[in-house]
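The residues making up each chain are set out below.
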Amino acid sequence: MSTSRISADLTILVIDENAIRASIIEAGLTEAGHCNVTVIHEVQGVARLIETLSPDVIIIDIENPNRDMMEHMFQLTRTISRPIAMFVDRSDTAAIEAAVDAGVSAYVVDGLKKERVKPILDMAVSRFNAFSRLQRELAEAKTALEERKVIERAKGILMKMRGLSEEQAFALLRQTAMNEKKKLADIAQSVVTAAGLLL
Amino acid sequence: MSDMFSIETGGNAVKAPVLSTGREHKTLRAGFIPLMDASILIVAAEIGFANREGLTLDLVRDVSWANVRDRLAFRQFDIAHMLSPMPVASMLGLGSNPSPTLTPFSLGRGGNAITLSVRLYERMKAQAGLADDASALANARALAAVLADMKARGEAPPTLGMTYPFSSHNYEFRYWLAAGGIDPDRDVKLVVVPPPLTSDALAAGAIDGFCVGAPWNMIASERGTGRIVAAKQDIWPLAPEKVLGLRPDWAEANADTVSRLIVALDRAARWCDDPAHRDDLAAILSDTRYIAAPRTIIRRVLDGEFSLDARGTKRRIPDYFLFHRGAANYPRPNQALWIYSQMMRWGQVDFSEANMARATSAFRPDLYTAALGPDAMLPGPEDAAALEMFMDARRFDPVDLAAYVAGFPVRSPVAMATETDEG
Chain X
1 MSTSRISADL TILVIDENAI RASIIEAGLT EAGHCNVTVI HEVQGVARLI
51 ETLSPDVIII DIENPNRDMM EHMFQLTRTI SRPIAMFVDR SDTAAIEAAV
101 DAGVSAYVVD GLKKERVKPI LDMAVSRFNA FSRLQRELAE AKTALEERKV
151 IERAKGILMK MRGLSEEQAF ALLRQTAMNE KKKLADIAQS VVTAAGLLL
Chain B
1001 MSDMFSIETG GNAVKAPVLS TGREHKTLRA GFIPLMDASI LIVAAEIGFA
1051 NREGLTLDLV RDVSWANVRD RLAFRQFDIA HMLSPMPVAS MLGLGSNPSP
1101 TLTPFSLGRG GNAITLSVRL YERMKAQAGL ADDASALANA RALAAVLADM
1151 KARGEAPPTL GMTYPFSSHN YEFRYWLAAG GIDPDRDVKL VVVPPPLTSD
1201 ALAAGAIDGF CVGAPWNMIA SERGTGRIVA AKQDIWPLAP EKVLGLRPDW
1251 AEANADTVSR LIVALDRAAR WCDDPAHRDD LAAILSDTRY IAAPRTIIRR
1301 VLDGEFSLDA RGTKRRIPDY FLFHRGAANY PRPNQALWIY SQMMRWGQVD
1351 FSEANMARAT SAFRPDLYTA ALGPDAMLPG PEDAAALEMF MDARRFDPVD
1401 LAAYVAGFPV RSPVAMATET DEG
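These protein sequence lines are chains X and B, in that order.
All the letters of the first sequence, read from the start, carry residue numbers 1 to 199 under this note's numbering.
All the letters of the second sequence, read from the start, carry residue numbers 1001 to 1423 under this note's numbering.
Just chain X, same shape as in the assembly (with noise of 0.2 Å):
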C-alpha cells in the first residue's frame, strides 16, 4: 500500500470547526499542489470517511474533543476490516511544539516519510498562526468601534444634561479620566450606565 503511495499525490484530510480558517488551510495546501484535499467541519461520520478516503495525513485543530473519538477509530479497526495506522506526526520535535502551540495536531499513515509532512505542517502552523492573529485583531477593531460609540453616547449625555458644547464635554470626560486613572471608554461607560440608572 504505502509502496504505491510514493510518487502519487498525499492525500490530505483537514478537520476543522472553523470553517473560515479550515478553508485558509485547503487553500494553503492547493497553492502547495495538493490536489487531493477534503475538508470537513463536524466530526459526524468522519470514521466512515477516512476509511473511504483512506488519508494520507489528517490535519486537526486540538481544541477539538473529538479527537479522543478518533484515536478510538484507529485502535478499532485494528480487531475489523482493514487497519488504519495513523500516528501523531513525531517528525521534528521542535516543529511539533510549534503545531501544538498554534493549535494544531496531524496524524500521518505508518510508513510516511517525514521530508513529505513537514512542509504540510510547517503551512498549517503558520496559517493557524495567522489566522489567531486575525482574530486578534478584529477583536481589537471591534472593541475601537464599540468604544467611540460609547464615547460619542457619554458626550451627548453631559452636553444635554450640563449644557456643553461637544468639545467641554469631551474635555470634561478626558480630565476625568487623567484624574481618576481610569480609561476613557470607561469613564464614558460609567457616564452612560449612570444617565440610564437617573433617568
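The hints are simulated quantities; they were obtained by calculation from the structure and are not laboratory data.
Note that beta-carbon positions come from the ideal geometry of N, C-alpha and C, so glycine has one too.
Keep in mind that the hints are not guaranteed to be accurate.
Simulated crosslink set (SDA-like; lysine to any residue; CA at most 25 Å straight-line) [claimed, not checked]:
id, chain 1, residue 1, chain 2, residue 2
1, B, K1189, X, L53
2, B, K1314, B, L1137
3, B, K1314, B, L1130
4, B, K1026, B, T1369
5, B, K1189, X, I40
6, X, K118, B, L1094
7, X, K113, B, G1093
8, X, K113, B, R1075
9, X, K118, B, P1100
10, X, K118, B, R1075
11, X, K114, B, N1097
12, B, K1189, X, H41
13, X, K142, X, K181
14, X, K114, B, S1099
15, B, K1189, X, A47
16, B, K1189, X, A85
17, X, K118, B, S1099
DEER-style ranges, computed between Cβ atoms [said to hold, decoys possible]:
id, chain 1, residue 1, chain 2, residue 2, range
18, B, G1129, X, A139, 54 to 62 Å
19, B, A1203, X, Q135, 31 to 39 Å
20, X, Q135, B, R1394, 50 to 58 Å
21, X, A177, B, G1312, 53 to 61 Å
22, B, P1157, X, R116, 38 to 46 Å
23, B, T1027, X, G33, 39 to 47 Å
24, X, A139, B, A1253, 37 to 45 Å
25, X, R174, B, T1056, 39 to 47 Å
Per the computed footprint, the stretches of chain X lying under chain B, defined by three or more beta-carbons under 8 Å from a beta-carbon of chain B, are [claimed, not checked]:
id, stretch
26, 63-70
27, 88-94
28, 97-105
Once you have looked at the hints, place chain B on chain X.
Just chain B now, kept in the frame of chain X:
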C-alpha cells in the same frame, strides 16, 4: 479562591510561609480534564499544599485525553491527570503517539458508573422483571435479554459511549457487558463521547448509554434521561482510575521535584478524603475554571448519594470516591497487569513476558514510597482478597495472565491466549 481556606494539618492552622529551606521554587504545568478525579491536583494547587513544598501548579484544562497525552509527550505539560491505562498503553507502544509515560501516584479510586437510557432500562425491566435494587450482574443479564429481543425483531443494536480506547471506562464497560454475556464488539456499538457531552448525547438519543466518571452519571439521572445500572465498585472494587502521568526522562532529571510533588499530592489526598472538607471541595470543584457543574450535585457525588433515576430511587455507595484511604494513592503493579490483561482480552495487544514487564514498568510504587517514607500508605492484606472480588466471581491471577484471559467466555477473537517469545 485560595484565601478562602486555611491549611489545617498536624493541628497547625497557621498559613504556611513559602518554603525557606533554600530549595528553588518551581512552577509545574499540569494538564487536566474537568472531572472530579482531578480533585487531588486541584486541591494541591488551591489549598496551598503544593506551595508548602515550594511548587506552583499551573493547572491547564484540556478537552481530550489525546491532547493531554501529546502535550505531556511534547513537553507542554510537566505532569498530567491521566487515565490509568494511558501510561500502560504508552509503555506497550499502543495508540497514535506512544511516548513513554510512568505514574508514581494514583489520584484515587472510584467515580465511574454505567448509565443506560431510561427507554432501554424500562425495556430491561419489562423483559426481565428487574427489581430497583438489582445487582450490576442482574442488570447486565437483563440487557443481554433485551439485545436478543432487539436482534430477533431486526432492530439496530444500541450505541454506547465511553471516553477513550485506553480508559478504565472502556475496560469496565466491556467487563460489565461481557459478564452479562454480551460481546461488546458485535452485540453493541461502542463509540467515544467526550465526558461533558455524555449527558446531552443521551438526552438527544445519539447514544443509549455510557460509562464515564463523575459527575456526569448523576447529571444524566437527575435530568431523568438515564438510569445508573452499575458503579465501578460493583465491577471490581480495586479497579484503578486516574493517575499522575510523568515522562520518565523528566522524572529522572527532576527527582527532587517529583518527590516534593508526591508529598504535596499526599497531603492534598488526605484533605480530600476528610468528609469535613466536602463542602469546601464541592465549592472549589464547581468553579468554572475546573468542572463547572452544579455544586449541589458535586456535593452529593462526594457523599456517594445517588439518585438512580428521576423518580427518586436512591442508592448510597460507600467510598464511591476514595482519595486516600485504602492505599488509594499507591500505584499497584497488579493494577497495571489487570489493565494489560484487559488490553489482551479485547485484542489491543498480544501476550508476552516482555509486554508484561513493560506494562508493570508504567506503575512505579518505588517512587511513591521513596518520596513519602513513613507516610507512605502501603496496601494491606485486603489486596489479596480483592483479587477475587469481581462482579462475575472470576479470580484475577496476575501470575498466569494468559490463562486468566483465555478463561473469559467472552473475548475478542484476536485475543492471544498462548504465550509467545516475541519481544
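Hints versus structure:
{"no.": "1", "hint": "B:K1189 - X:L53", "result": "holds, 22 Å"}
{"no.": "2", "hint": "B:K1314 - B:L1137", "result": "holds, 19 Å"}
{"no.": "3", "hint": "B:K1314 - B:L1130", "result": "holds, 16 Å"}
{"no.": "4", "hint": "B:K1026 - B:T1369", "result": "holds, 22 Å"}
{"no.": "5", "hint": "B:K1189 - X:I40", "result": "holds, 24 Å"}
{"no.": "6", "hint": "X:K118 - B:L1094", "result": "holds, 24 Å"}
{"no.": "7", "hint": "X:K113 - B:G1093", "result": "holds, 20 Å"}
{"no.": "8", "hint": "X:K113 - B:R1075", "result": "holds, 24 Å"}
{"no.": "9", "hint": "X:K118 - B:P1100", "result": "holds, 23 Å"}
{"no.": "10", "hint": "X:K118 - B:R1075", "result": "holds, 20 Å"}
{"no.": "11", "hint": "X:K114 - B:N1097", "result": "holds, 15 Å"}
{"no.": "12", "hint": "B:K1189 - X:H41", "result": "holds, 24 Å"}
{"no.": "13", "hint": "X:K142 - X:K181", "result": "holds, 23 Å"}
{"no.": "14", "hint": "X:K114 - B:S1099", "result": "holds, 18 Å"}
{"no.": "15", "hint": "B:K1189 - X:A47", "result": "holds, 13 Å"}
{"no.": "16", "hint": "B:K1189 - X:A85", "result": "holds, 21 Å"}
{"no.": "17", "hint": "X:K118 - B:S1099", "result": "holds, 20 Å"}
{"no.": "18", "hint": "B:G1129 - X:A139: 54 to 62 Å", "result": "holds, 60 Å"}
{"no.": "19", "hint": "B:A1203 - X:Q135: 31 to 39 Å", "result": "holds, 32 Å"}
{"no.": "20", "hint": "X:Q135 - B:R1394: 50 to 58 Å", "result": "holds, 55 Å"}
{"no.": "21", "hint": "X:A177 - B:G1312: 53 to 61 Å", "result": "holds, 58 Å"}
{"no.": "22", "hint": "B:P1157 - X:R116: 38 to 46 Å", "result": "holds, 40 Å"}
{"no.": "23", "hint": "B:T1027 - X:G33: 39 to 47 Å", "result": "holds, 44 Å"}
{"no.": "24", "hint": "X:A139 - B:A1253: 37 to 45 Å", "result": "holds, 40 Å"}
{"no.": "25", "hint": "X:R174 - B:T1056: 39 to 47 Å", "result": "holds, 41 Å"}
{"no.": "26", "hint": "63-70", "result": "holds (count 8)"}
{"no.": "27", "hint": "88-94", "result": "holds (count 3)"}
{"no.": "28", "hint": "97-105", "result": "holds (count 4)"}
Consistency with the previously given hints is maintained throughout, with no hint failing.
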